[in-house]
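Peer 1: Top line first, the protein sequences correspond to chains A and B.
For what it's worth, my numbering labels the leading residue of the first sequence as 1, then goes sequentially.
For what it's worth, my numbering labels the leading residue of the second sequence as 1, then goes sequentially.
Worth flagging that the hints you see were computed from the coordinates, not collected in a lab.
Just so it is clear, the structure is predicted and the values come from calculations on it, not from any experiment.
There may be inaccurate statements among the hints.
To be verified - Covered stretches of chain A, going by a simulated chain B footprint (3 or more residues, C-beta under 8 Å): (1) 66-80; (2) 190-203; (3) 217-230.
As the list claims (entries may be wrong) - Quick list of in silico lysine-lysine cross-link-like pairs, DSS-like style, CA-CA up to 30 Å: (4) 236/A <-> 236/B; (5) 160/A <-> 180/A; (6) 322/A <-> 240/A; (7) 236/B <-> 322/B; (8) 291/A <-> 17/A; (9) 291/B <-> 17/B; (10) 17/A <-> 236/B; (11) 17/B <-> 236/A; (12) 240/B <-> 322/B.
Every residue gets a Cβ at the ideal spot worked out from N, C-alpha and C, and that includes glycine.
Number of protein chains: 2
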Amino acid sequence: MLHGHGDDGYRYGREFKANFSSNVWLPTRLEALRDHLFARFNCVTRYPEAAGESLESMIAEIQGVRVDNLLMCNGATAGIYTVAHALHGRRSTVVFPTFSEYEDACRVNGHALDFLQWDAFVAGAEPEGDVVWVCNPDNPTGAALSADWLRARIDGRPGKLWVIDQAYMDFCLEPALALKEVLTRPNLILVRSKTKRFGIPGLRLGYVAASAEHIRTLARFSPPWSLNVMAIEAGKFLLKDRFEPVLAEYLAETQRFRAALATIPGVEPLPTQTGYFLVRLPADRDSTQLKNDLIEQHDILIRDAANFRGLDHRYVRLATQKPEHNQLLVEALRAWMAE
Amino acid sequence: MLHGHGDDGYRYGREFKANFSSNVWLPTRLEALRDHLFARFNCVTRYPEAAGESLESMIAEIQGVRVDNLLMCNGATAGIYTVAHALHGRRSTVVFPTFSEYEDACRVNGHALDFLQWDAFVAGAEPEGDVVWVCNPDNPTGAALSADWLRARIDGRPGKLWVIDQAYMDFCLEPALALKEVLTRPNLILVRSKTKRFGIPGLRLGYVAASAEHIRTLARFSPPWSLNVMAIEAGKFLLKDRFEPVLAEYLAETQRFRAALATIPGVEPLPTQTGYFLVRLPADRDSTQLKNDLIEQHDILIRDAANFRGLDHRYVRLATQKPEHNQLLVEALRAWMAE
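I would like the entire structure built from these sequences, with the hints used as guidance.
Peer 2: The following block contains the structure:
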């Protein structure tokens with residue numbers, strides 16, 4: 001695993017006034033979820049279902065797939081590691097800049113690796129690997145490919161295996177490839193996160209969807225009892241819950257936040273289709289210095305994006321927060337740039 | 001993963017009057033733990049520490065090792081899979097009968113496998129593999145090796161790598177190999193479960209201890225955020241909590257339970273040093289039939305042990321429960337044997 005992911009506030013031993021470092025949406029209905037789990041707390045005295053079966057069945061029914069098309073995972077990242085493990089020794093192309101764990105998981109499992117820039121991929125460049133890893137919408141950029149465009153690429157290269165990480169699909173108005181697309185595509189593996197959308201990444205809950213044959217193989221690489229009972233119960237509660245946070249409002253605040261940042265001379269917020277985005281600093285400024293100064297002088301945590309392949313010391317990643325917190329950061333960054 | 005582990009009551013869609021199928025001790029101070037976790041419920045809105053660092057530090061300090069001797073895992077079974085993965089392609093010997101996941105984890109990672117019977121190992125037979133997997137105390141038998149005896153075997157074969165699963169160490173009066181033994185032994189890997197002892201396996205919490213060099217390698221195969229926030233908080237609470245359940249009482253009830261079972265003609269409870277044990281039925285009886293009949297006729301769940309390597313349709317595994325529940329099973333089994 002990489003050292004230097006976002007949401008690393010615990011390294012500083014304290015809470016922050018505002019935290020822009022993790023791409024998690026605002027938590028919703030947290031009290032209702034807490035009460036639900038609290039009432040079922042005794043389930044911690046039992047082993048979890050070996051493969052999260054009850055939650056898996058609910059997802060299968062809602063999504064129009066079969067349970068043998070699904071593998072429940074201890075967070076989407078565990079799913080990524082399981083896929084890379086099951087495909088050990090293959091030749092993989094990672095479309096970048098992106099989440100670093102595809103590269104790490106492939107490397108440790110002996111994949112031959114190459115890298116294709118997102119813009120080149122979008123312009124039609126062919127991945128060289130026979131396994132292709134795409135994060136859609138992408139992290140850290142917030143760029144998104146349409147389902148139609150991506151499906152055409154996948155169907156145009158049936159001999160390649162496409163691993164599409166949809167962890168951020170709920171942060172974007174662009175519809176994602178539907179889960180049931182795996183039913184007719186033996187060359188497609190989808191990875192999803194269930195806890196990002198509801199703002200509860202602490203519970204760890206994700207899954208992989210693919211043909212039954214792929215899932216049978218993947219399951220051999222996955223230990224039993226990977227999902228804890230709180231994650232299973234939370235997942236079932238959230239699937240039944242009717243609460244739908246209004247994404248359009250969140251994305252409107254994102255654009256307002258970007259526009260405010262763009263008024264700071266030298267600061268360039270990059271385009272995004274999600275609630276998080278990259279900000280480019282002038283070449284004589286340093287992202288790590290900015291992160292540290294914001295912690296020390298303003299009690300604010302951001303994600304230094306210098307350690308993403310393809311980015312450098314000019315980039316930080318911000319996830320939109322409440323308007324008053326976003327305004328705090330705009331003012332702090334304006335002051336820092338004027339120093 | 002194997003299908004057919006214990007504690008599989010969820011497959012039957014209901015609760016049981018008594019559950020002997022999982023080797024988990026009686027839950028303790030569950031209400032205090034629940035209140036502690038729910039007072040901290042908001043931590044689910046954050047990513048967990050990437051490697052469970054705060055809990056890892058506490059364990060290191062208590063056990064007299066360094067944090068770089070530890071890898072926190074999503075349950076001990078995830079630790080077993082990570083060790084087998086990091087040692088992919090090695091030649092492994094599994095001392096059996098034992099927990100099936102060593103074999104499964106080694107097989108999926110391309111180990112050359114052989115098997116050595118527990119009794120032969122105890123009698124001095126040499127494992128052929130260069131990696132040796134021993135569960136101590138053993139599951140499903142409840143047999144235990146003394147720390148002195150095991151240390152002598154390990155030190156007598158420094159060229160072999162010994163993986164000792166101590167998941168059940170708290171169920172047995174025989175002292176386990178101390179964690180700090182790894183500090184001077186590059187040929188020793190210890191696997192521990194933190195949630196069995198406190199009866200909360202639903203939360204998933206285990207760890208691996210070894211030399212810093214082994215741990216550095218293992219960590220590359222382990223995804224970030226493997227420990228959920230509830231497991232981290234529960235672990236810290238339980239390490240600080242002064243409550244010590246009285247093992248001697250539990251083991252005394254185990255021996256009383258075994259003695260009562262032994263009065264049933266044809267039923268042979270095997271010796272154990274823990275709170276769980278095997279029961280051997282006559283050759284014309286069937287363990288799967290017994291499990292099903294107990295479910296249907298008596299609302300009782302047991303562990304059919306026929307799928308353990310080295311055992312067959314004559315064996316079931318029982319974990320001691322409350323005296324009144326144990327008595328229910330004695331009466332039910334007496335009636336079944338008389339049919």
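Peer 1: When the structure is checked against the list of hints, which entries are broken? Sort them ascending.
Peer 2: Checked against the structure, no hint fails, so every one of them is satisfied.
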